[in-house]
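Number of protein chains: 2
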Amino acid sequence: MATAKAHTNIALVKYWGKKDQDLIIPQTDSLSMTLDEFYTTTRVVFDPALTAEQITVNDQPVTGKGAERITKFLDIVRQMSGRQDFARVDSHNHVPTAAGLASSASAFAALAGAASRASGLQLSRRDLSRLARRGSGSATRSIYGGLVEWHRGHDDATSYAEPIMEKLDFGLEMLAIMINTGRKKISSRHGMQSSVITSPYYASWKEVVANDMETMKAAIQAKDIPAIGHIAEENALRMHALTLSADPGYTYFNNETLTAIQAVRQLRDQGINCYFTMDAGPNVKVIYDRRDRERIVDGLAQTFAPERLVVSPAGPGIEIWDENNRLIIGGQLNFDY
Amino acid sequence: MATAKAHTNIALVKYWGKKDQDLIIPQTDSLSMTLDEFYTTTRVVFDPALTAEQITVNDQPVTGKGAERITKFLDIVRQMSGRQDFARVDSHNHVPTAAGLASSASAFAALAGAASRASGLQLSRRDLSRLARRGSGSATRSIYGGLVEWHRGHDDATSYAEPIMEKLDFGLEMLAIMINTGRKKISSRHGMQSSVITSPYYASWKEVVANDMETMKAAIQAKDIPAIGHIAEENALRMHALTLSADPGYTYFNNETLTAIQAVRQLRDQGINCYFTMDAGPNVKVIYDRRDRERIVDGLAQTFAPERLVVSPAGPGIEIWDENNRLIIGGQLNFDY
Chain B
-11 MATAKAHTNI ALVKYWGKKD QDLIIPQTDS LSMTLDEFYT TTRVVFDPAL TAEQITVNDQ
49 PVTGKGAERI TKFLDIVRQM SGRQDFARVD SHNHVPTAAG LASSASAFAA LAGAASRASG
109 LQLSRRDLSR LARRGSGSAT RSIYGGLVEW HRGHDDATSY AEPIMEKLDF GLEMLAIMIN
169 TGRKKISSRH GMQSSVITSP YYASWKEVVA NDMETMKAAI QAKDIPAIGH IAEENALRMH
229 ALTLSADPGY TYFNNETLTA IQAVRQLRDQ GINCYFTMDA GPNVKVIYDR RDRERIVDGL
289 AQTFAPERLV VSPAGPGIEI WDENNRLIIG GQLNFDY
Chain S
-11 MATAKAHTNI ALVKYWGKKD QDLIIPQTDS LSMTLDEFYT TTRVVFDPAL TAEQITVNDQ
49 PVTGKGAERI TKFLDIVRQM SGRQDFARVD SHNHVPTAAG LASSASAFAA LAGAASRASG
109 LQLSRRDLSR LARRGSGSAT RSIYGGLVEW HRGHDDATSY AEPIMEKLDF GLEMLAIMIN
169 TGRKKISSRH GMQSSVITSP YYASWKEVVA NDMETMKAAI QAKDIPAIGH IAEENALRMH
229 ALTLSADPGY TYFNNETLTA IQAVRQLRDQ GINCYFTMDA GPNVKVIYDR RDRERIVDGL
289 AQTFAPERLV VSPAGPGIEI WDENNRLIIG GQLNFDY
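Quick mapping for you: the protein sequence lines, in order, are chains B and S.
Under my numbering, residues -11 to 325 are what the first sequence spells out, in order.
Under my numbering, residues -11 to 325 are what the second sequence spells out, in order.
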């Protein structure tokens, strides 16, 4: 038995498109910040007494496609460990309801940590990152805390994440504006594939990312939050331009997304350095220096109810506990990558 | 003295970016439909008794930047004709108030027609098209009726419009959904220049247009309205992806634009062939076969008040009357290009 806790992450330079659908090798590098406020805790037991996988998320049994995806992932762990048993998986998402932030990133990172350890594997964080990647691309980065780079690589061995700055020594912070979507969204998996295949701008996007990775890393080293925010905002808009230019074209923006973008830009026009980013959904995340937090929250609260504004500093990397609740990865422990 | 009437046009393959700012030579070809419902009527008199230009639009005096732009245009006409006098210009826009469709296209086409004739020039329609281009790029196409192609050319002589099908012999029709914008918009002049300079996707956009011009002309020859609509919709979204990917990124969409797009797509999901296009503003224009008009109007009226839905068939090319109110260009008259 093992338990793992992993945080979700928000990309500052986006991952949008796979080169290999099965191994989840991305078309580009990407770079994210792990968020303290949003995480998943997952416990896994491989049990010879089980006659089928038993999976719950937030204490509700999971069946159908959701269960299939988890079983497919556990098959990889079984193959790696030689373990033959079915598993019991109990997972809790610590994400505000309807936030649209319950991404698969924290879920598959936590599952990778708990399942690998429960199966008897003792993986390095780099190998955990590679394993998490098989479940969901963005989970690759959720193994690490702080600011994280995912090297696209060219195969299973070379495509993994690495920390750029695990413990932030400057005031970079994010705020999620919770926006509900009434409509069924296009999954990021489907959306990015459509962009790769049908957007005439996809080849240029790869150059955009290559350039943004360089300037973003330089901005991080310089602790230059306005530069980080500006690059992240442009990068996000250029990703969303891929969805608009796909065939059929579509957008993850809804009415409130536009309102949120406008609110952030109005604050910026007032001289407050804040920037936005968006992923495959209508939520808007604001990037800023924690010194400006109060003014930004006050400003946004003129448009959005305060309970819809969730502040998050950078969060830690994965933590894994063994069957005796002994922390074996994460926290204050040292480890090699 | 001369009077001219010119209709506005909506591009099915968009013009978005200049190669030459002064001569208004575009980066790409473009293709539009002239609309019967929206037009400008302009009377011009060159009068030696005048000591300054006198300009009214909808009976209101025009001064400042608006007047400067018209005077600059009249200077071109004076240079061509040798005329030295100031002009009196009286213009009426027949466009629903706040429609955002009072584009400079019909305005500068009508001004080109009236001013050139009033100055004594007798220009062919091709030369009128070249002259109108100097006032506003899209005015180049408003000299002609029906479906019109603007050849980008490479200089003043080679950049002009030409009709593809002056009198439509199939049911292509448009409907404008009138959407107000409370915010100051980014002018198309400024917006397109920003896209040319800062969008990483601009080079690919030029290839998109080259391809769309071919497929659109083939679809027109085949009278294939679903194909025309599909190409136009994709082309518009790919143009708007340029604004999103510019630095700073921006959008002409507002909340109601998204609602209108959704309404059109819902109708399409119900099996009605309708498509949308948008220009440098929040209004949405719907493209369809006039046989489906009633179902489309009924469907959209569930979301938008009926007075905000303006149906327009294709409109005629420019008409010019001389000082005796004798029609000298347009209507049933023949002319060479």
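Among the hints, a few may not be true.
Identical copies look the same in the list; a pair holds intra-copy or inter-copy alike.
Stated by the list, open to error - Below 30 Å or equal to it, Euclidean Cα-Cα: the simulated DSS-like pairs (lysine-lysine) are: (1) K155 to K60; (2) K173 to K7; (3) K155 to K53; (4) K211 to K53; (5) K211 to K173; (6) K155 to K173; (7) K211 to K194; (8) K6 to K194; (9) K205 to K53; (10) K173 to K53; (11) K194 to K7; (12) K211 to K7; (13) K60 to K205; (14) K60 to K211; (15) K60 to K7; (16) K155 to K205; (17) K211 to K155.
Honestly, the hints are just simulated from the structure, not real lab data.
Outcome of the hint check:
1. K155 to K60: Answer is neither: 34 Å inside a copy and 60 Å across each miss the 30 Å cutoff.
2. K173 to K7: Close inside one copy (23 Å), not across copies (39 Å); limit 30 Å.
3. K155 to K53: Neither, since 37 Å and 54 Å both go past 30 Å.
4. K211 to K53: Neither: 43 Å inside a chain and 44 Å across chains, both beyond 30 Å.
5. K211 to K173: Intra 35 Å, inter 34 Å, cutoff 30 Å: neither.
6. K155 to K173: neither (34 Å within a copy, 42 Å between copies)
7. K211 to K194: For K211 and K194, the Cα distance is within 30 Å only inside one copy (25 Å; across copies 38 Å).
8. K6 to K194: both (12 Å within a copy, 26 Å between copies)
9. K205 to K53: neither (38 Å within a copy, 45 Å between copies)
10. K173 to K53: within (17 Å within a copy, 45 Å between copies)
11. K194 to K7: both (12 Å within a copy, 26 Å between copies)
12. K211 to K7: neither (32 Å within a copy, 39 Å between copies)
13. K60 to K205: neither (35 Å within a copy, 49 Å between copies)
14. K60 to K211: The answer is neither: 41 Å in one copy and 50 Å across copies each exceed 30 Å.
15. K60 to K7: Within. Shortest intra-copy distance 20 Å satisfies the 30 Å Cα cut-off; inter-copy 54 Å does not.
16. K155 to K205: within (15 Å within a copy, 58 Å between copies)
17. K211 to K155: Within one copy, since 13 Å is at most 30 Å while 63 Å is not.
In the structure shown, a violation is registered for the earlier hints numbered 1, 3, 4, 5, 6, 9, 12, 13, 14, in ascending order.
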